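Student: Letter by letter, the chains look like this.
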Amino acid sequence: MPQSPELDADFTRESLLEQVNLDAPEGGKIKFLECLPFGKALTVDRYQLANGLMLLLIEDHEAPVVAYHTWFNVGSRHEQVGKTGLSHLFEHLMFNESENLPAGEFDRKMEEAGAEVNASTWLDWTQYSSSLPKGQLLTAIPLEAERMAHLVLKPPQLNSEKEVVANERRFRVEDDVDGAVNELLWATAFTEHAYRWPTIGWMADIEGFTTEDCLGFYRTYYAPNNATLVVAGDIEPIVVLRAISQNYGPMPRAVLPLEDVRPEPPQTSERRISVEKPTQTEKLVLGYKSPAFGDFDYPALSLLGEVLAGGRASRLYRRLVRELELASEVRISVGPFRDPSLFELYVSAREGHTAEELLAVVEEELLRVREQPVAQEEMDRALARNELSLLASLETADGKASTLGFYETVLGQPTSAFERLAMERKVSSSDLRRVARRYLVDTQRTVVLVVKDDDDDDLEPNSSSDSDVEAA
Amino acid sequence: MNQTLQANPPEPRVLVETSRAVPLVTLSVTFTQGSVLDPEGLLGLTRLTGRLMRRTGGGLSADQIDTRIDTLGASLGVDVTHSAISFQGTCISRSIEGYVDVVKDVVAKASLSEHEFNKLKSESQAELLSMLDSDQSVARHWFRREMFADHPYGRPTGGTLVSVPKLQHGAAVEHAKRTIRRGNLLFAFAGDINPEQAQRFAADIAAVVPSGASPEVEIDEPRFVSGRQLVVVDKPDRTQTQILIGTRGSHPKDADHTALHVANTVFGGTFTSRLMHEVRSKRGWSYGASSHLAYDRRRQPLSILTFPKAEDAAPCIELQIQLLEQWCEAGITQTELDWAKNYLIRSHAFSVDTASKRVSQKLDEVLYDLPKGYHEEYLANVQAVTLEQANQAVAERISPKDLLIVVVCTEKLVGAQLQAIVPNLEHYKVIPFNGEVQTETKT
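One line per chain: the protein sequences are U and A, in this order.
Numbering follows the working numbering, in which position 257 of the first sequence is assigned residue number 281; successive positions increment by one, without gaps.
Numbering follows the working numbering, in which position 167 of the second sequence is assigned residue number 1082; successive positions increment by one, without gaps.
Derived by calculation from the structure, the hints in this document are not laboratory data.
A quick note: this is a predicted structure, and the numbers were derived from the prediction, not measured.
Every residue gets a Cβ at the ideal spot worked out from N, C-alpha and C, and that includes glycine.
One thing to keep in mind: the hints can contain errors.
[Stated by the list, open to error] Quick look at which bits of chain U chain A covers, simulated, 3 or more residues with Cβ under 8 Å:
id: 1; segment: 150-159
id: 2; segment: 465-475
[Said to hold, decoys possible] As a list, the in silico BS3-like pairs of lysine-lysine whose alpha-carbon atoms are at most 30 Å apart:
id: 3; chain 1: A; residue 1: Lys1197; chain 2: U; residue 2: Lys178
id: 4; chain 1: U; residue 1: Lys476; chain 2: A; residue 2: Lys1344
id: 5; chain 1: U; residue 1: Lys107; chain 2: A; residue 2: Lys1344
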């Protein structure tokens, strides 16, 4: 009697793992955990190595490419006062020398393989992504394993990278109005939790890091039992499983420190600051305390954000940009973080209008969602936008790997992007009003009003000069 | 720039790339003349007209159209370049019929209402003002204006704070009549759609677009910068600088274009390029350091972008000039060539890994007058480049003696150092970052 397809799949997977584990290093013996549906056509196999490394495989032969991601369960939340920005600096350092590769060789070899390589750090995590042509995956796996276990840190490279990060900070924060104001918002809204400092770190901290700081961080957090590998694309699972077992298996588990989380105390009154910035128009930035990404209320609040500022048909865009012509831009985001964070609202005023005027209109609209139910049509529209956004993010192998890695690292549920969408579909108008009343309240908000810096007047009108310079 | 009317324009072309990977369809309805059609003194008219169509399709209000698009699970934007007006977006495939109806309303049944025109004009001015907050956008704006001078490619597609307030509703209505013509129409579909469906939808849309063709615009080859010119865009309180260095580049029709492209990959096209190695890895001067060869219907410049802190700006420019000179004099090595070819050939997989990218390549071939089969033959052409060809292309195309250097910075902090560091500097100019606003104040 023929076996069912599911039994076939289980049988095949089991026999594959037997082969892989036969000559695997002790820490590299792989255990199959579960197979999860991912959308309508794909499934994700979830494995774990004996040394604790999580592994997600998604086989997708749509294009001859593979995405290879490494997600570490460490971000700026794991840093200490005086050492902020270490996770991000370390992300940069991971592209440097290792025991078996001189400085620059990692990038050179990866690029020669045709790889697109990148990395990012945020509050809860750090991730390294490589996208490779199908045939080059076995080039990447030993290189990625090498830097995870055998990085070498020397003062000249550290100093150069500190300078690069300082320049990145100038680019993203010091000389960028939005970046600077965002940093100010979080630093004001949080008084205890580690979310109060920026992922890129304070400039003085960046400048002060030593090789000892970096080595200590590396030994503590860059361990197999603190990481997830995601491999998505045109792969042969047995080849991938064997390569990962052999290359990552020798890595020992680390004893991970107990995280010293300081919960943010409840905010009981509004915090408001006004800052001068060299900008052409005033800005309004609001941060309301919001629930954690895994909280039951998160999908409803996220959907409410979409109703308020998702696209040009949203309530705030219509009022502020189109009807009243007070603003040029409105956007909302709800922090997708492990701990409670912020529902952020950003509005850029038009010339001649003030941040205070913007605030008055925003308050009217927030009062509306607290008092009156949101129409089903508006909710349907917001849902359709979110569905489009999710599908668009899954067009490439890299997009699939990013989605899986993010959900695995933050929620421990790799495929829950689709479950989230299903949860949002269950949200009612009553839920939206409830979360508006619970979270979008004045006493739990931080307000940053950005006004124009008088330094703009330094420039005299028509001060352009145009001169011929004699050849040196 | 000459304009001539086209006689007997061809039927619209329909480009299709099918993929069932995700239930999405991307659609692009493109008219093959862009902002080069902006009349003298009315910069930004083509873009404003395209946006006005997007907001008044089918006689609906902007709110009604946006509501319709969002409800379908779709997006629709207008992209106006120098060479095209493109209405493009994506929809969940179950909504394709309704989406095509919206697109049809936008490209052929827009009311172009004056009320909406006035709102859009005000919004465009606000966006131009907001752009001044971004130093990199300011640098790019002035780089193009100074690089192309009076050439149409030097005109900002979005207009300026001087030109946009002068735009009139009547001009937009006339402009739509002139530019939105079946003879200039080009369709591209990608994703969860088969060629028969695509042809049907394209025919459906084309049927309601006015016949005829927009004026054919002849654009001369640009004349690039001569000598070394330094333009400082003065902005207060900058701790950092944005530096764009440019010189003559090429067009894919040039026989040595691929050779130059390979050589540029060595110079500044990757994370391990010479430029990145010297500027970022060795010295830590800039978070980004890259050189780029763009293409349009006529030649584009080679541009180099870095953004060091103010104190490092002068030495960073000096270093980049030295690297350019070395590149031109000594060329690249065989090892570098082999490495670059491997990189380009292998990474090409990411230029074609989705249906929308594949159809974009086909669209580019038509829009930018690329040699027939440019993308299909790309891998073979890269593979065929020899060391001699690569170095000859650099030596003949790139001229370190003729450089435009645009720096956004606080002039009083670094202006003098910058002037002193550029050897053989012929021309120095300072422009206030909000220069066009101030010119307007003066008039």
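Student: Tell me the hint numbers this structure goes against, listed in increasing order.
Tutor: Checked against the structure, the hints that fail are numbers 2 and 5, while the rest are satisfied.
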